[in-house]
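K.L.:
This is what each chain is made of:
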Amino acid sequence: MNTIHTRREMLTTLSSGIGWLAFSALAHARSGLTAQQPHFPARTKRVIFLTMRGGPSHVDLFDHKPELIKRDGQTASLGRDSSGAKLFGPVHPLKQFGKSGQWMTTLYPKLAQHADDLCIINSMHTDLPNHAQAFGQMHTGSFQFVRPSIGAWTLYGLGTENENLPGFITLNPPADNGGAQNYGSAFLPAICQGTRIGGSQLPELYAALLNKDAAPGPPMKNIANANVPRDLQRAQIDLIRGLNERKMERDGVHPEIEGAIESFELAFRMQSEVPDVLDLRSEPEHILKLYGIGQGKDQFARQCLLARRMAEAGVRFIEIASPGNWDHHNRLRELLATNCASTDQPIAALLTDLKSRGMLKDTLLVWAGEFGRTPYAQSGDGRDHNHKGYSIWMAGGGVKGGLTYGATDEVGHKAELNPMHIHDWHATILHLLGLDHAKLIYSYGGRNFRLTNVSGEVAMGILA
Amino acid sequence: MKSSSLKILLLTSFVQSSVSGEDTSFFESKIRPVLVKQCYECHSVESGKSKGGLTLDTKQGIRTGGDTGPAVVPGDTAKSLLLTAIKHSDPDLEMPPKKARLSEAVIADFETWIKTGAADPRESAVKTAERPPVDMDSGRKFWSYQKPKQVAGTIDGFIREKLKEQGIEPAPAAAPVAVLRRLYFDLIGLPPTQEQAAAFSMWKLESTVDELLRSPRFGERWGRHWLDVARYAESNGRESNLTFPHAWRYRDYVIDAVNADVPFDRFITEQVAGDLLPAKGDAERARQLIATGFLALGPKGLNEMNPVQFAADVADEQLDTVTRAVLASSVACARCHDHKTEPFSMEDYYALAGIFKSTQTFYGNWIDSENNNHGHLIRLPKLPGQVIPNRAVTADRVQQLKDELTKLNAEEIVQNEYVVKAKIEGRDISREYHKILTTAIRILWTRGGIEGQLETVDDQGHALPLCMGAQDAKRILDSQLYDRGEIAHPVKPVPRGFPQVMGIKAALPKAQSGRLELAQWLVRRENPLTARVMANRVWRHLFGAGILRTVDNFGFSGERPSHPELLDHLALRFMDGGWSVKKLIKEIVMSETYRQASAHRIEAFNKDPDNRLLWRANKRRLDAEVIRDSMLAVAGVLDTSRRPGSLVAELDGQSVSLIGFNTKLPSDLDGSKRRAVYLPVLRDQLPDVLEQFDVANPNLVTGDRDVTNVPLQALYLLNGPFVQDQAAALAKRIQSSPNRVQAAFQLCFNRLPEVSEIALAEKFLRTRSSDELKLLTAFCQSLFASAEFRFVD
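Order-wise, the sequence lines are chains H and G. Start counting the first sequence at 1; every next residue gets the next number (the numbering used here). Start counting the second sequence at 1; every next residue gets the next number (the numbering used here).
Hint data in this document are derived by calculation from the structure and do not stem from the laboratory. Being a predicted model, the structure only gives us computed values, none of them experimental. Hints are not guaranteed to be accurate.
[As the list claims (entries may be wrong)] Rough simulated footprint, nothing fancy, chain H against chain G, three-plus residues with beta-carbon under 8 Å:
(1) 90-99
(2) 227-240
(3) 288-297
(4) 433-443
(5) 475-481
[What the hints assert, rightly or not] Just some of the chain H residues that point at chain G, by a computed CB distance under 8 Å:
(6) Q37
(7) R43
(8) L78
(9) W103
(10) A132
(11) V146
(12) N177
(13) P189
(14) G242
(15) V253
(16) S263
(17) A267
(18) M270
(19) S272
(20) G380
Quick reminder that beta carbons are idealized off the backbone N, C-alpha and C, glycines included.
Use the sequences and the hints to build the structure in full.
P.N.:
Below, the structure written as structure tokens:
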């Protein structure tokens with residue numbers, strides 16, 4: 001009797017003050033969402049991951065190779081895969097930018113203004129030169145098995161910052177190349193899974209064939225109800241809460257129901273907060289202009305701005321995908337320019353915007369594709385996949401700006417100086433988030449699993 | 001003067017600190033990276049390897065050394081064997097093995113490090129390895145590898161005994177209606193109707209249980225449990241998510257087998273080796289072929305270009321699924337190294353792998369832009385009344401396709417001859433490279449689609465009955481043992497066979513894969529795991545937690561059973577009862593333990609908060625399918641007929657990435673009034689309700705689903721179109737009832753509302769008076785969304 005009495009008392013104080021807080025904490029502890037302490041002080045609070053799918057050509061974008069320019073047209077002697085192929089110098093010139101003198105493509109004029117913020121890593125390497133496998137490995141560390149994505153691991157390790165929003169959001173992810181697995185939680189608690197907002201992107205080929213927008217669909221499933229107005233839904237939730245409280249009283253102790261009550265309240269709050277976060281109309285004109293929204297094809301610009309809004313709202317891990325595919329087997333000169341043009345302004349704007357809000361210091365921006373491209377030509381005017389050496393960049397959140405880290409060989413084929421494998425890169429990102437990759441462990445099916453499997457070394461040299 | 005001496009002082013202190021015994025920055029920058037890169041693979045706790053007894057990833061390991069002595073003696077370069085090894089000064093001790101000597105600079109770094117005291121911060125980093133029990137002797141002593149022991153007793157006896165030991169009173173019996181609801185949800189996955197609830201009394205317990213076990217709905221519920229274990233899906237998932245339009249035959253096979261109570265040993269044998277079993281007639285032959293779909297349903301790396309790698313990965317997936325599903329073992333971990341925590345060696349792995357590598361898998365996907373490995377299908381005998389959802393074409397169309405195929409093949413020959421000729425003549429055709437490549441790809445992909453289509457029809461264009469499955473390969477071969485699991489590094493062939501720890505040997509035929517022998521080995525009475533694993537899974541479905549809670553892991557790294565004697569008792573009863581799952585279920589649900597109340601008791605809770613001893617029944621969240629089907633049932637719109645075939649069988653093309661854009665499909669992939677088990681199961685594209693409520697991930701063997709409590713579930717219940725439709729149907733159903741609130745409670749919860757609940761309901765129904773039916777619908781939806789609707793007491 002006594003427990004029931006105190007419980008009733010507690011329930012009456014639920015919506016105000018301490019009672020509610022205690023309840024909320026209880027519910028979240030159970031749902032696994034609560035913010036957790038990192039292993040050591042974090043250098044960044046959140047990650048915005050700009051996925052450049054297809055394999056951007058590093059020797060044309062960031063990896064300046066005088067020797068490659070000099071030997072342009074000569075036969076490559078880089079082992080079996082290159083037999084007979086001709087070395088192929090950059091299709092657009094690279095120049096030095098910023099005080100740091102970072103080498104970057106001239107196709108990224110706006111991004112180049114942020115050269116001193118970028119930490120360019122020219123020594124990336126991954127295990128396989130196939131899109132799907134490498135894309136999966138970039139996200140999960142594994143090209144063979146179904147494993148949790150880096151966003152899921154982050155959420156598992158750190159929990160969420162905003163209880164009104166999912167902690168890991170992926171915007172219009174590509175449906176191919178492994179689809180949902182790239183933001184999946186695999187064996188981690190289901191709550192760590194990325195919440196997909198916006199339908200899958202159609203594989204471009206099909207989008208063109210079907211004459212459809214590559215990102216159709218409602219922004220998020222079940223976030224609105226056309227049949228039940230908000231006041232009626234509030235009454236519904238009050239009714240559900242009343243019934244649940246009655247059941248809890250009958251049951252004596254039933255933690256799951258306590259959690260359920262809170263999850264309906266959170267859902268109700270999400271319905272107002274998620275559309276707000278997704279609604280760009282509240283942004284001032286100069287911000288829209290900064291990103292290039294309203295100027296032609298602006299889907300990626302919108303995503304970049306959404307990413308900032310989500311970061312601001314406390315989403316822990318945000319992923320957005322580049323509008324174009326960087327898989328340039330031919331017509332590299334022309335297609336690379338197109339891709340750069342469609343991403344330059346939005347990404348530069350995101351950097352500017354984050355910086356002016358003082359958010360760049362604790363937001364890690366990552367620009368990466370699944371691999372790079374060969375320094376020798378394919379089909380005369382393109383490049384093949386190259387997983388042995390390629391470039392990515394990171395900015396903000398605890399990395400050194402204006403730094404070029406690592407190097408490939410003299411023509412840009414293979415990572416030689418400070419090579420950074422996907423596992424090392426993952427270990428470094430986790431480190432920036434305050435997580436020790438060797439301690440972020442989940443036991444499943446008789447084995448302890450890590451994002452970095454049994455490898456991974458933090459690249460201490462890039463830490464600010 | 002002053003400043004220069006200061007500089008010198010600073011400089012000296014800098015030099016000292018950089019290489020002193022305490023400072024570890026030298027180690028971190030120069031030594032650790034080399035150790036990680038060059039040594040850890042064979043000498044670390046992490047890798048599970050300690051060749052020559054040596055681990056190098058801890059300070060203790062490196063100082064203690066291996067069989068030949070300490071690897072590092074601080075200050076003593078001569079005694080530090082690590083230095084000897086990397087300098088290659090002893091021909092018997094050259095490290096890293098089979099690789100070039102490390103650079104002079106690196107060797108000099110190691111000398112400096114050792115000379116200056118070998119500072120090493122890795123003290124607390126990793127604990128020294130517990131010797132993994134890979135040796136078979138300690139493995140055999142482990143409880144789960146020993147045969148179940150006969151101890152006299154009953155379910156209630158074993159449970160009461162433990163409760164008594166802890167001084168906990170057993171719970172009183174649950175109210176009859178609670179027992180009835182429990183039985184209905186557990187056995188058939190639907191709530192009892194008002195009439196069924198009214199007619200029930202505890203006197204009718206046994207006849208009710210028998211009736212439920214006989215109901216065709218039973219197979220739909222318990223078949224789904226096995227489909228979880230079998231990672232059943234109708235598409236490939238992974239990077240090439242192509243549909244499996246014939247997978248539904250396996251789904252139906254499982255439901256029928258569970259309804260027919262096919263003995264579990266037979267059930268396993270059919271799935272692992274149905275193609276190798278004798279059959280009485282076409283119907284049985286067809287059934288057994290469909291059963292082998294179990295082996296073909298896994299996710300595959302379809303875009304793998306290397307056929308040898310592809311075959312190795314398919315075999316690996318099959319091996320992993322069979323051993324996890326039947327034995328709850330992680331043998332497949334031994335692909336790259338001996339198992340780190342279990343008594344399985346690489347030899348064990350490759351002995352099994354040979355069996356699967358000698359098997360051909362038929363999964364049906366044809367070659368296209370996403371798939372480089374044509375899967376083929378098994379043609380079933382024609383049977384009366386057979387469902388064939390794949391489409392027929394005209395005989396003309398067949399001919400047309402064949403002509404196209406001939407044309408493509410001819411075109412390919414012409415192009416190949418052109419290239420060969422150019423090569424012989426030494427002509428440079430590199431400028432035509434792009435054109436040649438485009439043509440080759442066009443031929444490959446077009447041909448793939450045509451061949452795929454032709455495989456589904458006969459010469460007259462009649463649709464053929466087809467299934468996924470497995471058959472012995474043309475070549476029966478033992479597998480090589482591959483170093484680190486890499487196919488480029490074969491070490492030695494391993495004769496096909498079974499894991500040694502079980503101690504059951506069987507000779508494998510030379511002319512067959514050995515799958516039949518494997519199946520028989522799995523279900524032999526001497527096999528200590530199979531019956532235990534299944535009995536434990538059944539227990540888990542009836543109580544919410546297994547006797548061994550890690551139901552998919554019976555190894556060292558799993559938990560230990562709370563009631564080992566009870567588990568053995570059930571396993572032995574299961575086998576003695578002819579492996580009848582229905583008998584096992586009946587024995588459990590007839591026990592008092594199953595029928596006890598779920599009420600919370602503080603004194604018992606304090607002694608056993610997790611309810612491991614079962615001092616009460618667990619309150620359980622219902623499975624996704626049960627929540628959904630209950631809405632249909634309560635609304636009076638459930639269609640209990642079996643869906644012929646599957647939605648997936650009716651889709652055009654084979655790529656799942658296009659499905660989201662098929663406007664003919666409901667966005668939640670539901671909209672059906674049939675039971676959830678017949679909804680499409682596309683990997684990474686599951687129907688909303690299943691995805692939200694923790695359906696088993698069809699990529700993984702799952703005997704124990706998660707139960708999460710997340711806001712997306714609330715959003716589904718508040719806003720999902722399916723929920724709104726069923727709420728509207730329920731509203732219509734109760735609209736003309738004299739007491740609507742009462743009627744709704746009776747339908748949803750098999751009880752009358754309390755006074756306070758009536759008050760809540762009436763308050764809600766007064767919210768708005770504009771549209772009565774709309775309000776009533778919102779009320780019914782609230783009942784669906786209430787916790788009571790998705791929990792069983």
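K.L.:
All hints are to be evaluated individually against the structure, with a verdict given for each.
P.N.:
Hints, verified against the model:
1. With a cut-off of 8 Å between beta carbons, the stretch 90-99 of chain G has 0 residues touching chain H; three or more are needed, and the interface restraint is violated.
2. Residues of the stretch 227-240 of chain G with a Cβ under 8 Å from some Cβ of chain H number 4, which satisfies the need for three, so the listed coverage holds.
3. Only residues whose C-beta sits within less than 8 Å of a C-beta in chain H count toward coverage, and the stretch 288-297 of chain G has 0 of them, not enough to reach three; the restraint is violated.
4. With 3 residues bearing a CB less than 8 Å from a CB of chain H, the stretch 433-443 of chain G meets the requirement of three and the coverage assertion stands.
5. Here's how the stretch 475-481 of chain G fares: 0 of its residues keep a CB closer than 8 Å to some CB of chain H, so the rule of at least three is not met and the hint is violated.
6. Nearest Cβ of chain G to the Cβ of Q37 of chain H: about 19 Å, over the 8 Å cut. The hint is violated.
7. Taking 8 Å as the C-beta cut-off, the interface hint given for R43 of chain H is violated, the closest approach to chain G being about 18 Å.
8. Hint on L78 of chain H is violated. Least Cβ distance to chain G is approximately 17 Å, over the 8 Å limit.
9. Contact between W103 of chain H and chain G, as hinted, is not supported at the beta carbon level, the nearest pair being about 26 Å apart and thus beyond 8 Å.
10. With 8 Å as the threshold, the beta carbon of A132 of chain H comes within range of chain G, its nearest partner Cβ sitting at about 3 Å, so the hint holds.
11. With its C-beta approaching chain G no nearer than about 5 Å, V146 of chain H sits inside the 8 Å limit, and its interface hint holds.
12. Residue-level restraint check for N177 of chain H holds (minimum Cβ-Cβ distance to chain G is 6 Å; threshold 8 Å).
13. At about 7 Å, the closest approach between the beta carbon of P189 of chain H and any beta carbon in chain G falls short of 8 Å, and the interface hint on this residue holds.
14. Interface restraint check: G242 of chain H against chain G, minimum CB-CB distance 4 Å, threshold 8 Å, status holds.
15. The beta carbon of V253 of chain H is positioned within 8 Å of a beta carbon in chain G (closest approach about 4 Å), and the interface hint is therefore held.
16. Given the 8 Å rule on beta carbons, the hint for S263 of chain H holds: about 5 Å separates it from the nearest Cβ of chain G.
17. Interface restraint check: A267 of chain H against chain G, minimum CB-CB distance 3 Å, threshold 8 Å, status holds.
18. Hint status for M270 of chain H relative to chain G: holds, with the closest Cβ pair at about 6 Å, below 8 Å.
19. Residue-level restraint check for S272 of chain H is violated (minimum Cβ-Cβ distance to chain G is 12 Å; threshold 8 Å).
20. Look at G380 of chain H: its Cβ gets to within about 7 Å of chain G, closer than 8 Å, so that hint holds up.
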